[in-house]
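Participant: For the protein sequence lines, the chains are W and S, in the order given. Counted from 1, the first sequence has number 30 at position 30 by my numbering; the numbering is strictly sequential. Counted from 1, the second sequence has number 858 at position 858 by my numbering; the numbering is strictly sequential.
These are calculated hints, taken from the structure and not from any lab test. You can trust all of the hints, since none of them are fake.
Covered stretches of chain W (in silico footprint by chain S; criterion: 3 or more residues with CB under 8 Å from a CB of chain S, positions within the stretch not fixed):
#1 27 to 34
#2 43 to 57
#3 60 to 69
Computed from a prediction, not measured in an experiment: that's the story for all the values here. Here a beta-carbon is modelled for each residue, glycine too, at the ideal position from N, C-alpha and C.
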Amino acid sequence: MGLMIPCPHCGPREYTEFTFGGELRELEAPDPQADFERVYLRENLPGPQRERWFHALGCRRWLTLTRDIARNEVLDA
Amino acid sequence: MLELEGRRIPIREGDTIASALHRAGVRTFNRSLKLHRRRGLYCLTGDCPNCLVTVDGVPGVRACTTEARDGMRVERETGWPSAETDMLAATELAHPLMPVGFYSKTFIRPRLAWPLAERAIRRATGIGTLPADRAPRRLDARNVHTDVLVVGGGVAGLAAALAAAERGERVLVCDEGRLGEKVAPGPIRERLEALGEEARRSERIELLERHVAVGVYEGPLVPLAAEGGLVRVHPRRIVLATGAVETHGVFPGNDLPGVWLGRGAARMAGVHRVRPAERAVVALATEEGLAHLEVLRTAGVEIAAVLAPLELAERIPPEVRALPDGHVVAAHGRRGVRAITVASGGLREEIACDALVLSLGLAPRDALLRMAEAEPVLAAGDLARPGCSLAEAEETGRAAGRGEPVEPRPPESIKLGRDGIVCLCEDVSLRDLRDAWAEGWRSAEILKRYTTATMGPCQGAMCGRILASFVAARAAVGEAPTLRPARTTARPPARPVPLEVLAAGVHETGAKRTSLHERHLAAGAAMERSGSWLRPSRYAPDWREDHRAVRERVSLMDVGTLGKFLVAGRDARALVDRVFPCDVERLAPGRSRYLLALDEAGYVMDDGLLCAMPDGSYVITSTSGGAERMEAWLRNWIDRLGLHVHLLNRTAELGAINVAGPLARELLQRLTDDPLGPDAIPYPGHARITVAGVPCHAIRSGFVGELSFELHPPRSRGPELWDALMAAGRDLGIHPHGLEALDVLRLEKGHVYLGQDTLPDDHPGKLGLSWAVAMDKPAFVGKVALARMAELPLERRLVGLRFDAPPQRGMPLTLDGRVVGRVTSCAVSPTLGYPIGLGWLRAVDGAFPERLRAGGALATVVPTPFYDPEGARVRA
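Just chain W, with the same shape it has in the complex:
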């Protein structure tokens, strides 16, 4: 059944209502080299990943959740 995403405002909803916002990244980095890595490099490791989702066809708010990207399962939100 695809992926259900627990939206804090709307409850569990189909992932098709959301826009994927990628891995959660820090807002800033201490130096330019660290910023380069922050901006351009992704972890993309199989297993739990903190990531952003935008409820485009719902409340139009962002949320952060942890998803096991190897198993495509939401672990917590």
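Here the structure of chain W is known, so what remains is to put chain S in place on it, guided by the hints.
Facilitator: Coordinates of chain S only, in the frame set by chain W:
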């Protein structure tokens, strides 16, 4: 009655196209792809390519699984002038000259001959002709969610469905045909009908007949193709009970019309009540083969001989001539089978007959199963255990229905003859495989690519396992590594599917319209799809008339599609200052600024205008295509930065009309008492005014390069405002403009179209937009990246170009024959009278070349804007 190439063919209740044609004496259904060999009915289970015909102009229809309907027009697809008398069959005589890998070996030089050779080959090969003049049907797609999807409505599939339903699960069963239609009368058919009855009675089971599973995708998602469109099934788990295909026999003459798979012959005799042949030789090695033999005898087919292994030979009725442990050496004939050479007990014998029926073994129909990687899929019945008994099929089906995996039994390796066609679709023979092997192509995947075996319409349904057996036999004698599985990768579609079915639902994305849509139509505008919107391309037949109205008089453009946002709240300014690269600090209320939105990598994402409002809020406009993304992007930053901001996307709520041209102020002043002079609304600035009684936010804009006021009225009042402006401007020569004129107007000003003139990794410096970036601000999104990139030499930039002849958009820019850039926009400027354009250019040896070629035209790099470089007209 159906019509075959002008001939009328009677049809009966329950007929498929194949059975009707066979009854009428048609034996050649097709000509093979390359060698133009005759092909006749073979599997009758929808697996082989032999009966593909064109029905009512639609090519690639399987005659054996398509119900015959009154008035159908059927044509055989290959062969010239017809499949029955095919002159191109002479191709086969040239076969020795066309070795395996013919294309790779032959079409090397001269390059100039390629198009000629290609044209000749395309005419001689291929299956069917795409109907060029047929209007595409708009088919619908629907989504279905269910607990269990069962693919295959046979005994195992229905048993699985019933077992799952008993546990309280909702079940969807799909079958590519009607339940039981392929099964000849007998115990299997009886059990199938009983289970089907039970399934139809169940409230938890939905049955979709004539629905073909296309593939297994992540999700899991299984799209089903049907006559009416596409059904996207989203199940929690999947049971595959797609059954097995009878083994394709490989021996010389194996593809002659009259060589049948047992199920095909039994179906023709038992289901359609048409005798498949007069006198047949039967080669069987399965239990099921004995049943097929009975069906054929009941139908009155004379059995010339039965070849069977000892244990089955004992069970053959004594009045039938059995050849224990016999096997087929070759089939002979020209138009069809005339005789068979068999070998039995060391003796060879030629037996006259008009059919050879093969029940040699079963290979799982496992394309879907092999596509599933991480998806929750269980296999049951013949798919898990090829050749399993009726009881075993039901038992494994029930287990899979309960969610218990079934221990699979691997299919047996297939014995191959001396030669024969391995891949019916692509005309690849056993000899071709041996030759390719000898040339060193030594794995299933590489043999597939070199010989194209398994790459035809049946996607390896018949020959995939033969190819695997071929490689396995080589591995057995130490000629191939055994580590890798011998089957090639399975990919969707598992069955041939019309493209229009795959496109089902595409038309459902409706185009958005502005509130002025009717006005455009009434004015005779040509409309076009622009992103998700329907917009006017031009009003006058020649866009240059629209263009002239803007440059010389006054014009309107509906820009209601622009993204429009209100940013308000305590932290409005903090947000705008933190995320955008422009100077917000010094932006006074009533003034506006060109706005760039950068991503964190410093690349340009969108552009628009930023207006500071007297109450401390901001109005932002974005590009039409970028509005959705802009909102999501802003909301992300509000959330991440924890700011108190109200963001209101007013794109749909507000209309927008750009009033542009030297007479724009004169026109507006006729409809408002609000001051419009350069002091009241300076450039770049904005104000709230009332025009013709309609409250508007008026923004001075410079996009088209003339005095312009972009009016944002409430959407519902747009038409009234448009009408008032058009009426008041009549004596000024007012005339609206569309996207075609706009493209040139902005090009004359050197303004970029994001996405058209830009590449995904363009930072402002590459676009000449550094002036819109305040690097002295403490922070904005992308600043660190921009600072880092500023230290690197500029490797590419967007430049203005002047041409001596009109080029085409997309043409490469060359320097001494080397491609160093590309034309991204170009037009013959009506204002300047010569061709101008924008294009990106790569640095050559650390400098940007100035004189280039674009096709036949000379291109010179010139500064932009091309028109009114001082901007006096915009500021007026």
